[in-house]
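K.L.:
One line per chain: the protein sequences are E and S, in this order. 302 is the number that the working numbering gives to position 302 of the first sequence; each next residue is one higher, with no gaps. 263 is the number that the working numbering gives to position 263 of the second sequence; each next residue is one higher, with no gaps.
It is worth saying that the hints were derived from the structure and are not from the lab. Among the hints, erroneous ones may be present.
Which copy? The list can't say, so a pair holds if one copy fits it or any two copies do.
Calculated cross-link-like contacts (lysine-lysine; reagent style DSBU-like; alpha-carbon spacing at most 35 Å) [as the list claims (entries may be wrong)]:
{"id": "1", "residue 1": "199", "residue 2": "61"}
{"id": "2", "residue 1": "42", "residue 2": "113"}
{"id": "3", "residue 1": "433", "residue 2": "302"}
{"id": "4", "residue 1": "13", "residue 2": "251"}
{"id": "5", "residue 1": "42", "residue 2": "200"}
{"id": "6", "residue 1": "113", "residue 2": "200"}
Please read all numbers here as calculations on a predicted model, not as lab measurements.
Read off the chains here:
There are 2 protein chains.
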Amino acid sequence: MFFLFLFFKDFAKDRYGVSVMVQSQQKLDRVLVRVQDLTPEKADQLIWLRARIHTSRAKGKQCFLVLRQQQFNVQALVAVGDRASKQMVKFAANINKESIVDVEAVVRKVEQKIESCSQQDVELHIERIFVISQAEPRLPLQLEDAIRPDGEGEEEGRATVNQDTRLDNRVIDLRTTTSQAIFRLQSGVCQLFRDTLTKKGFVEIQTPKIISAASEGGANVFTVSYFKTSAYLAQSPQLYKQMCICADFDKVFCVGPVFRAEDSNTHRHLTEFVGLDIEMAFNYHYHEVIDSITDTMVQIFKGLRDNFQTEIQTVNKQFPSEPFKFLEPTLRLEYTEAVAMLHEAGVEMGDEDDLRSACITHLYDTDFYVLDKYPLAVRPFYTMPDPNNPKYSNSYDMFMRGEEILSGAQRVHDPELLTERALHHQIDLEKIKSYIDSFRYGAPPHGGGGIGLERVCMLYLGLHNVRQTSMFPRDPKRLTP
Amino acid sequence: MFFLFLFFKDFAKDRYGVSVMVQSQQKLDRVLVRVQDLTPEKADQLIWLRARIHTSRAKGKQCFLVLRQQQFNVQALVAVGDRASKQMVKFAANINKESIVDVEAVVRKVEQKIESCSQQDVELHIERIFVISQAEPRLPLQLEDAIRPDGEGEEEGRATVNQDTRLDNRVIDLRTTTSQAIFRLQSGVCQLFRDTLTKKGFVEIQTPKIISAASEGGANVFTVSYFKTSAYLAQSPQLYKQMCICADFDKVFCVGPVFRAEDSNTHRHLTEFVGLDIEMAFNYHYHEVIDSITDTMVQIFKGLRDNFQTEIQTVNKQFPSEPFKFLEPTLRLEYTEAVAMLHEAGVEMGDEDDLRSACITHLYDTDFYVLDKYPLAVRPFYTMPDPNNPKYSNSYDMFMRGEEILSGAQRVHDPELLTERALHHQIDLEKIKSYIDSFRYGAPPHGGGGIGLERVCMLYLGLHNVRQTSMFPRDPKRLTP
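Same shape as in the complex, but just chain E (with noise of 0.2 Å):
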């Protein structure tokens, strides 16, 4: 990155270089365009930017920079002429891509759109340009293989970028436009899961990741140590938030990692994940319950539709799928029902199993549907027994593009029936003496459940594989970066 110009004069020295470190030496009094506001408005104007380069190619006495900031990018020329030397063009065609570089340029509009970028009616004409933090010459990765779609170019023999590779350079991965649309339309799905609750009058809480004893029973958690004890790391806020029910919160969510220690390497799993809670009292039955959560996640998707529908047309570029479908009110089927349907389709799952499928995405054209009223063998000791039918439970599960995205159900709220599903479970009382005693004071009856942030986000988008909603994400294999 050093030039050595001894035998020419260069009448455009101080127009390019390498600046200083940024270390705030002064407080500059010249504004940054950003570049998604380089519109034809902008014509004819010179103006200040700072972006990466994002790729660069020289020819003969010029050279072409696409200048990028996130998912917005913009043509630029250095051209030799009064305002640029032979030695500046050469600069600028120098400069490793990815680096970031202040410019002064002159606006431009253009006679034919530029198809190739974001920006397609102006280009800049560089009038100055200084590296202010320089990349690596060698990429571990290339953008353009990493939102590259699966298949494409295969023929020519272009590169696809593979998942390890990705997250092992993560930083450079998320550079990409799919990535910057996956984790902006993330960042809404919790503000809209956040201001449709909080409308309806629920009370967001911050509940405890350490925690004294493994509150699901005691599988799968991970052990901490703490200081002289040792503790574990919450597999949920259950506990947490049902005991804030107990003390008159009324409603309530949170949004907070749960921790897993399930040694499970699917296309699925996590170990540490985001969870979207809910608990709620209720007043007669739970389908109120059912009722708000449902009504919360359409309004997400809502929310997702309407606002991000450039966010889902970057990410469908890359990984293709069919508009997210959901029905007003939310499809519910009992859990004995979609089980004979999908018989009566032919496809057999035992009767007591988690029941995943999409058949019945298509028997009711939605994506989004709930199953009500599981077996009560296969859910926890405090789910609430059905009324009618000791075999079930006021328990339900929902699923997006036929996945379990949410699990939840009526909780117990009388000690002496907890006490004796926890026994029914063979669960050490001792351990779980305090949850109980939660219930002692007055409890109203209540339920909820818990949603994971990631596959919310995997399945609307139609992806395929959680790690590509999770920005770092943690599984048995992989704890880094």
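Starting from the known structure of chain E, arrange chain S on it as the hints suggest.
P.N.:
Structure of chain S alone, referenced to chain E:
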């Protein structure tokens, strides 16, 4: 709770009793009115209501109850007459405090305001009363003791409740008007933080809590068993939010738990707390970052002042404090300036120690200020040195009522300087390799900070222990409930 009325025929026997457990037996078409909606406009209406028995007092042929929902309560009366028998009054009088009941009652306007209730203009004349959930007869703490201001009633021998009793029985302690107000305000802080930053173009990110290497050098970190290896709990989202900046997200925030294995038993330390974290790229000077953060804090202070006045007043009744004062723009002093000023005022402190004092608050009449330019030696290795004086750094703390709530800085975005600084701090380069590598592919100048949610709530409300603003606090001695 079982009564035998063998000798009297009770004409009202269907009008009271203990309900069977609500197990979602039926969808009752019954509207339950909220206590806060009980106003004179509802006078003479017959309504249904679900609430807790807050207090109960039998007096001859009648029983006065106070019924409570969260911070709202209303007086109710069961009196022998054509709608209630002697037995029914006796039944009502014997319901344990904190039990949850359904009542059918006529709303009556009262002549004289009921000063002891939130609903002062009406009372309820109960015609039916059913227990939905029974509380045990003995409560581990009394709500009226739990909201008594310190010192008050001491001469009459009235109890207050100590902190451990509160925390051991948090499910009851959280029912007090003070607790309800604190945690509703806390929910508001999170919402204001996120809404302000979202408006400023920040994106919410989710960062992993289980990490493979202790990011900040290795001290004070909790160890987790992770399948056949071990891992750590993140002491901050530092690495990850910086990676997001290097990945072009430009401005990010996150809200989530952070873990500190410090064996500190002070009023302001927790081993697990909620971090409100910010990181952003800036153009030329890190004061752009300070301005964004201080403006965010000011928006939070204004939002609380304007929308949470009821909660602030409620907490003030038990814990009196002055309203929180802040200036616009926020006061920013250089660290050395502040030390010199305090020296002049007679307060001595080491030149390179953490500076904590309420003096500045008094000198400038503000409860919120920034100290800028800390000595480099007291800051983490990734802190950018001051370009003009290598003894100092581009770092800052923010204070509320004289106590630190945020620590932040411009970060070193150059991998060579970062390596040099890590070596100077004797940090094993191998362990932070992926962190340093994040900056090798072009990194914009950036800075940020981390705010402690519980401290912000504590100090805004003028409370004196961070355990009051953590629902389920964790410290070296407390892991439950």
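K.L.:
For each hint given before, does the structure comply? Return the numbers of the non-compliant ones in rising order.
P.N.:
1 and 3
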